[in-house]
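S.K.: What follows is the residue order along each chain.
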Amino acid sequence: MTPAMTHAAGAEPGVEDASEYVTLTASDQTFGIGIERVQDVFVVASLTSVPTAPGEIVGLLNLRGRVVTAVDLRRCLGLPDRNGGGELMAIGLEHKGEAYGLVVDAVGEVLKLRQETREATPVHLNARWGQLMHGVHRLGDRLLIVLDADAVLAFDQDARAA
Amino acid sequence: MDDLLREFLTETGEHLDTVDVELVRFEQDPNNEKILSNIFRLVHTIKGTCGFLGLPRLESLAHAAETLMGRFRDGFPVTTNAVSLILATLDRIKEILAELERTAVEPEGEDVDLIGELERMSSLEADVLLAEAAPAPSAAPAPAPKPEILKLPDIVEREAKPGEVTLDDLERAFLEAPGPDEDFTAPPPPPPVAAKAPPAPMPTPVPAPAPQVEAKAEAKAETKVEAKVEAKAEAKPEPRGRNAQAAEKEAPEGGGSSDSVSKVQTIRVNVDTLEHLMTMVSELVLTRNQLLEIARRHEDNGFKVPLQRLSHVTAELQEGVMKTRMQPIGTAWQKLPRVIRDLSSELDKKIELVMQGADTELDRQVLEVIKDPLTHMIRNSADHGIETPAERRTAGKSERGTIRLNAYHEGGSITIEISDDGKGLNFGAIRKKAVDRGLGTEAEIERMSEVQIAKFIFHPGFSTAKAVTAVSGRGVGMDVVKTNIELIGGTVDIRSDEGKGTTFTIKIPLTLAIVAALIVAAGNQRYAIPQVAVLELVRVKKGADHQIERINGSPVLRLRDRLLPIVPAGKVLGLDGADANAGDEGFVVVSQVGRQRFGILVDGVFHTEEIVVKPMSTKLRHIPLFSGNTILGDGAVVLIIDPNGVAKMVGSGTAEQQYGFEDTGEAAESDEQETVTLLVFRSGGQSLKAVPLSLVTRLEEIDAGKIEWVGGRPLIQYRGKLMPLVPADPSIAIKREGSQALVVFSDGERAMGLAVDEIVDIVDDVLDIELVADRSDLVGSAVVRGRATEIVNVAHYLPLAHEDWTRGGPPKMASFSRSLLLVDDSAFFRDMLTPVLKAAGFKVMVAGSTEEALQVLSADKRIDVIVTDIEMPGRDGFAFVEAVRAQARLHDVPVIALSAGVDAQALERARRLQIKEFVAKFDRSGLIAALGEIPEARIEHYGEAA
Numbered sequence: 003m004t005p006a007m008t009h010a011a012g013a014e015p016g017v018e019d020a021s022e023y024v025t026l027t028a029s030d031q032t033f034g035i036g037i038e039r040v041q042d043v044f045v046v047a048s049l050t051s052v053p054t055a056p057g058e059i060v061g062l063l064n065l066r067g068r069v070v071t072a073v074d075l076r077r078c079l080g081l082p083d084r085n086g087g088g089e090l091m092a093i094g095l096e097h098k099g100e101a102y103g104l105v106v107d108a109v110g111e112v113l114k115l116r117q118e119t120r121e122a123t124p125v126h127l128n129a130r131w132g133q134l135m136h137g138v139h140r141l142g143d144r145l146l147i148v149l150d151a152d153a154v155l156a157f158d159q160d161a162r163a164a
Numbered sequence: 015m016d017d018l019l020r021e022f023l024t025e026t027g028e029h030l031d032t033v034d035v036e037l038v039r040f041e042q043d044p045n046n047e048k049i050l051s052n053i054f055r056l057v058h059t060i061k062g063t064c065g066f067l068g069l070p071r072l073e074s075l076a077h078a079a080e081t082l083m084g085r086f087r088d089g090f091p092v093t094t095n096a097v098s099l100i101l102a103t104l105d106r107i108k109e110i111l112a113e114l115e116r117t118a119v120e121p122e123g124e125d126v127d128l129i130g131e132l133e134r135m136s137s138l139e140a141d142v143l144l145a146e147a148a149p150a151p152s153a154a155p156a157p158a159p160k161p162e163i164l165k166l167p168d169i170v171e172r173e174a175k176p177g178e179v180t181l182d183d184l185e186r187a188f189l190e191a192p193g194p195d196e197d198f199t200a201p202p203p204p205p206p207v208a209a210k211a212p213p214a215p216m217p218t219p220v221p222a223p224a225p226q227v228e229a230k231a232e233a234k235a236e237t238k239v240e241a242k243v244e245a246k247a248e249a250k251p252e253p254r255g256r257n258a259q260a261a262e263k264e265a266p267e268g269g270g271s272s273d274s275v276s277k278v279q280t281i282r283v284n285v286d287t288l289e290h291l292m293t294m295v296s297e298l299v300l301t302r303n304q305l306l307e308i309a310r311r312h313e314d315n316g317f318k319v320p321l322q323r324l325s326h327v328t329a330e331l332q333e334g335v336m337k338t339r340m341q342p343i344g345t346a347w348q349k350l351p352r353v354i355r356d357l358s359s360e361l362d363k364k365i366e367l368v369m370q371g372a373d374t375e376l377d378r379q380v381l382e383v384i385k386d387p388l389t390h391m392i393r394n395s396a397d398h399g400i401e402t403p404a405e406r407r408t409a410g411k412s413e414r415g416t417i418r419l420n421a422y423h424e425g426g427s428i429t430i431e432i433s434d435d436g437k438g439l440n441f442g443a444i445r446k447k448a449v450d451r452g453l454g455t456e457a458e459i460e461r462m463s464e465v466q467i468a469k470f471i472f473h474p475g476f477s478t479a480k481a482v483t484a485v486s487g488r489g490v491g492m493d494v495v496k497t498n499i500e501l502i503g504g505t506v507d508i509r510s511d512e513g514k515g516t517t518f519t520i521k522i523p524l525t526l527a528i529v530a531a532l533i534v535a536a537g538n539q540r541y542a543i544p545q546v547a548v549l550e551l552v553r554v555k556k557g558a559d560h561q562i563e564r565i566n567g568s569p570v571l572r573l574r575d576r577l578l579p580i581v582p583a584g585k586v587l588g589l590d591g592a593d594a595n596a597g598d599e600g601f602v603v604v605s606q607v608g609r610q611r612f613g614i615l616v617d618g619v620f621h622t623e624e625i626v627v628k629p630m631s632t633k634l635r636h637i638p639l640f641s642g643n644t645i646l647g648d649g650a651v652v653l654i655i656d657p658n659g660v661a662k663m664v665g666s667g668t669a670e671q672q673y674g675f676e677d678t679g680e681a682a683e684s685d686e687q688e689t690v691t692l693l694v695f696r697s698g699g700q701s702l703k704a705v706p707l708s709l710v711t712r713l714e715e716i717d718a719g720k721i722e723w724v725g726g727r728p729l730i731q732y733r734g735k736l737m738p739l740v741p742a743d744p745s746i747a748i749k750r751e752g753s754q755a756l757v758v759f760s761d762g763e764r765a766m767g768l769a770v771d772e773i774v775d776i777v778d779d780v781l782d783i784e785l786v787a788d789r790s791d792l793v794g795s796a797v798v799r800g801r802a803t804e805i806v807n808v809a810h811y812l813p814l815a816h817e818d819w820t821r822g823g824p825p826k827m828a829s830f831s832r833s834l835l836l837v838d839d840s841a842f843f844r845d846m847l848t849p850v851l852k853a854a855g856f857k858v859m860v861a862g863s864t865e866e867a868l869q870v871l872s873a874d875k876r877i878d879v880i881v882t883d884i885e886m887p888g889r890d891g892f893a894f895v896e897a898v899r900a901q902a903r904l905h906d907v908p909v910i911a912l913s914a915g916v917d918a919q920a921l922e923r924a925r926r927l928q929i930k931e932f933v934a935k936f937d938r939s940g941l942i943a944a945l946g947e948i949p950e951a952r953i954e955h956y957g958e959a960a
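In the order they appear, the protein sequences are chains W and R. Residues in the first sequence are numbered consecutively from 3, following our numbering. Residues in the second sequence are numbered consecutively from 15, following our numbering.
If you're looking for bench data, these hints aren't it; they were derived computationally from the structure. In this text, all values refer to a predicted model and were calculated from it rather than measured experimentally. Mixed in with the good hints, there may be bad ones.
[Claimed, not checked] Cut-off 35 Å, straight-line C-alpha distance, at most; resulting in silico cross-link-like pairs (DSBU-like, lysine-lysine):
id	chain 1	residue 1	chain 2	residue 2
1	R	K364	R	K318
2	R	K337	W	K98
3	R	K720	R	K735
4	R	K662	R	K628
5	W	K98	R	K385
6	W	K98	W	K114
7	R	K364	R	K349
8	R	K556	R	K720
9	W	K98	R	K628
10	R	K349	R	K556
11	R	K108	R	K447
12	R	K364	W	K98
Bound-form chain W, shown alone (with noise of 0.2 Å):
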C-alpha cells in the first residue's frame, strides 16, 4: 500500500491512496472531482443570465439565499452547448471565497478510486483541456477525467490574458 503513495500522493495533498471523486459527464466524457472540493450537488431551477457576461458563464442562480455564479463545464471545455431542455444538475463549488455552479449534463455516483489506475494526463491532449486536469483514471468501461476544480473556474484569467 505504502509504496503506492508516489510522488501522486505527493502533487496532491490530501490524495491518499484511494481518493473519492464525485463523477459527472458533460457530452458523454466522464470527469471526477475530488469529493472535499464538492459543496453541493442540485438541480439547476431558474438561470438569470447575465448579458455580455464572459460565455462560461451562464447566469446566476439562487441556491438558498446564496447567489450563485453558474460556469457551463461544457463550455468551459469548448464543447458544443447541449440542446434541448430537460434538468440541469450542477456541483457546488467554492474558489475564491465565491459561490459557484459547475453545470453538467448529469451527476453520477462517488467513486473511491485508487491510485493505481491513475495516469498523468495525456501529452498530446489538447492544450485547454491539459490545463483543466490533474489526470486519469482507467475505469472498467471508460475513462475518468480528473477536474482540476481551481482551473475550470479560472477561465478569466486566461480569457483576458488571450
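Put chain R on the given structure of chain W with help from the hints.
M.R.: This is chain R only, laid out in the frame that chain W set:
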C-alpha cells in the same frame, strides 16, 4: 501592538481632530474660554497619556504646545502666528502618531525646531506682555525638552485664575482620590521621569473648585478608569503616577466644561461586528420577503398575523442596525475648517467656511468614500473659486469669500452642496483647454452648452489653473472625485455663473446595503433599477400620446417639450431579439445621472421592492451595466442595472463604439427626419460647399508663411508631422501669406488639409442629395439652410494628398431604396462611404466589426446588400461572410467586398463565398457600379420596408 497603544492611537486621533477644529474656532473667537479650556483639556490629556506610555517625543511636543496655550488662558493675545504654530505642532504630532501606528515604536527624532519656537513665543509674551515677574529660565536657549518642562511649573502657577482648575489641582485631586489601583501603585513620589507635569513644587495658589473636582474625579475613577488602569499597570511597570494620569484623563471630561462633548453613553464596537450584523439583517430581510411572497400565494393561512409582526420587527431591526452604521456627515467635515484656514493664509485670501446640516447622518461606508472627495472639492473652491481680496473688491464683492457646505436628506439620498461666491468657471478657458486636449473639435466644443462644458473639469488631467499651486491645479482630483462618487451610486453636478460663483451638488445614497428598486422586465428577464435614479415612468405606445421617434436611428421621446434620449434596455443588454421592442412599446424609465437625463425603454414594469444589494461575482464585475445583484421575494436572482453605466452610453461616440447603437440598425426606419451636421465653407467662387462634419477632424487657421513647398506641393508641419495640403477647388491658389483656413481630415496616421477660402458655418440639416454626374470632387448638391450647396466628396481629395488613398469616380444613380449594411472597422471610411451610398439610394446601416455586423443581421433587419471591408482586426471580412452564409436566411444576400489589394487566393475564397465583387477601397464608381448590378428583384419582397 498592544491594545493599550491602539486605544491610545484611536483616542488621540479623535482628540487631535477636535483640537484642530476648536483651535480655528478659537482663533476667531479668542474670548471664548469654553473653547480654550476644551482645547487645553484635550491637549493636556494627550500629553498625559504620552507620558504615561513612555512616548517622550510626543509628550514634549504636546507639553510645549500646552504651555503656549496656557498663555492664552492667561489672557495673552491670540495671534495668527501662535495658532499656526500650534497647528503645526499638532501636525507633527499626527505624523509621529502615524509612524507609531505603523511600527508601534515612537520614531526617533528631535522636534527642537517647533519646541524652541513654541517656547520662544511663550516666553516672549511673558516679557512683553506680562507685568508679572518674568520667569527666569524662560528665554532658555536650550530647546531640549528638559528645561522647558522645568519651566512649566511657574507658568502653571501663574496661570491659575480664580475658577480655573489647574493641572496640578487635578493631579492632586487624583492622587488623593482612593483609586482602585491604590493597592498596587504607590502614590507617586515626585516622578523620576521629568517628562511629567506635576513635579514637586506645588505651591500653587489653588483656588476653590478643587474639592468639587475631587469628588467627581473620585466617582469617575471608580467606574471607568478601573479597567484601563489595570491594563496599563501590566503594560508598564514604571513606578509613575499612572493611575493619576489615567484618572486625570477622564477627570477633565467629568469636571471640565460641558459644551461640545455630548454626554450620551457610548461604547466602541468593532466595525466588523456591525458589518456582520448588517449582513445578517440583510439575510433576514430577504427571508422575510420570501415568506411574504409565500403568504401572498396562500390566502387563508394562519401565518398572516405573526408574519406581519415579523415583518414589522424586521423592518425595525433593519432600521436600528442601519442607525448603528450611521454617522453625522460632520465627522467628514471636521478637518475642513482647518483646511480652509491654512489655505486662506497660504493663498492670501479671506475665506469663510459656512457649514450647514453637519448632523445629517449617513452610512459610514458612504462617509468613508466621500471624505476625501469633499476635502478636495473644498480645496478646489478655495483655490480656484474664491478670488483674492483685491479681485473681489474690484468685482464689487466683499473681501471675504464664502464657501458654503450644506447637507440635507432628500428622499432616499443625501444631497451635499458645495458652493462658493467666487469667480465661477471660466468657460472660455475650459473650451480652449478641451480643444487643446483633443476632447473634441473646435466646432463641436463651440456648440456645447455651458453645462456640457462644465463637465470637462471632471476629465482626467484637466486643469485650467494658470499656475500649478501647492493647493491644486495638479491636474489630479476632479476626475477622481467624480469616480469615487459614482462608485457609490452618487452623482456630481456643477452649476456656475461666471463672476458669481460655482455650486457643486453631490447626491449620494444613504446606504449601499439596502435600496429601494424598481423591478422591470426586458427581454424575458427581470432587472432592478435603483429607485434613486428613477424620476418617472412613461408608457409609450405607437400612436399614443407618448411615442418614440428617431433621429438618425437613435430613439428619442418628446416629454413635456423636451427631447429625451432613449436607451432601449434590450439593446444595451445585447439581448437576442432586441428587435422585439422595435415597435417601441413599453415603458420609459426616465432617469437622471448628473445633469444628463435619459430614458431606459423596458418591456414592462412590476413594482418597487426593497432589495439587498449583493456584490457581483468577481468574474462579472467588469460589466459596467450592473452594479450588483439581488434575490427577490420570489427567490429569483435579478441583476441591478447601474444607471451610471447606462448613462455613459447615452453620450455619443461611446455609444457607437461600445454598444453598437447606430450599428444595430433602426437607422433605416425614418430617413426623412435624418439630419446631418455639415460644415459649410466657401472655396473658389461664391458657391457654398459642405462636408459632413463627422468626417472633419478639426478646423485650423494657419499662417500661410508656414506652408512649405516640397516638389511643388504644399505641406505644413502639423502636430509633429508633415501634412499635405490640397486646394478644395482647382481655381483657388493656396495663399503665400496671410492666414489660410484649413479643414483637416485624418484617418489613423494619415492626415490632409483641405485649403478653403473661408469657413462659413456649421449647420444641422436634412441631407437630401441630388447627385451630379461627372464631378468626382462632389457627391452632389443639396439644399442646406435654403441655399444650394455642393456636397464635397472627400474621397476625391484623399488620393491627391496620399497616393495610397486611391482615386474615386462619379456615382451613378440608383433608383430603388434598398437597405445596405456597411461593415468597416475604420470610422472614417464608414463616415465617408455612408453619404456616398445614401446618395446612391441605399438605406445604410453601419457596423464597425464582424461581431457588430452579425448582431445587426441577427436583429432581423432587412438587409439587401452587404458591403464589407476584408481587412479588419479580429474576425476579418471573409470570416464575416462565412458566418453570414451559414445562416439560411442570408444564404444568398449579395456581398461586395472592399479591399486594398486582391490576390488570386483571395479571389478564390471570394468566389466560394459567393462574394459578388471585389472593389478597391476608394473606387467609388466601381462600388456604385457593382451595387447597380445587383438584381433589383431581390428587394421586392422587402418593398414595404421603404
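S.K.: So, for every hint listed, does it hold in this structure?
M.R.: Verification of the hints:
1. Restraint check: the Cα-Cα separation between K364(R) and K318(R) comes to about 64 Å, which exceeds 35 Å; the hinted pair is violated.
2. Annotation: proposed proximity of K337(R) to K98(W) holds, straight-line Cα distance about 32 Å (limit 35 Å).
3. A distance of roughly 13 Å separates the Cα atoms of K720(R) and K735(R); the hinted pair therefore holds under the 35 Å criterion.
4. Between the alpha carbons of K662(R) and K628(R) the distance comes to roughly 23 Å, so the proposed pair stays at or under 35 Å and holds.
5. At most 35 Å may separate the alpha-carbon atoms for a hinted pair to count; K98(W) and K385(R) meet this at roughly 31 Å.
6. Between K98(W) and K114(W), the direct Cα distance comes to roughly 27 Å. Compliance with the 35 Å bound is thereby established for this hinted pair.
7. Proposed proximity of K364(R) and K349(R) is supported: the alpha carbons are some 18 Å apart, at most 35 Å.
8. Distance restraint check for K556(R) and K720(R): the Cα-Cα separation of roughly 58 Å exceeds the 35 Å cut-off, and the hinted pair is therefore not satisfied.
9. Taking the CA atoms of K98(W) and K628(R), the gap is about 17 Å. The hint holds against a cut of 35 Å.
10. Among the hinted pairs, K349(R) with K556(R) is inconsistent with the structure: their alpha-carbon atoms are about 56 Å apart, more than 35 Å.
11. Taking the CA atoms of K108(R) and K447(R), the gap is about 39 Å. The hint is violated against a cut of 35 Å.
12. A threshold of 35 Å between alpha carbons decides the hint, and for K364(R) with K98(W) the separation of about 54 Å lies outside it, so the pair is violated.
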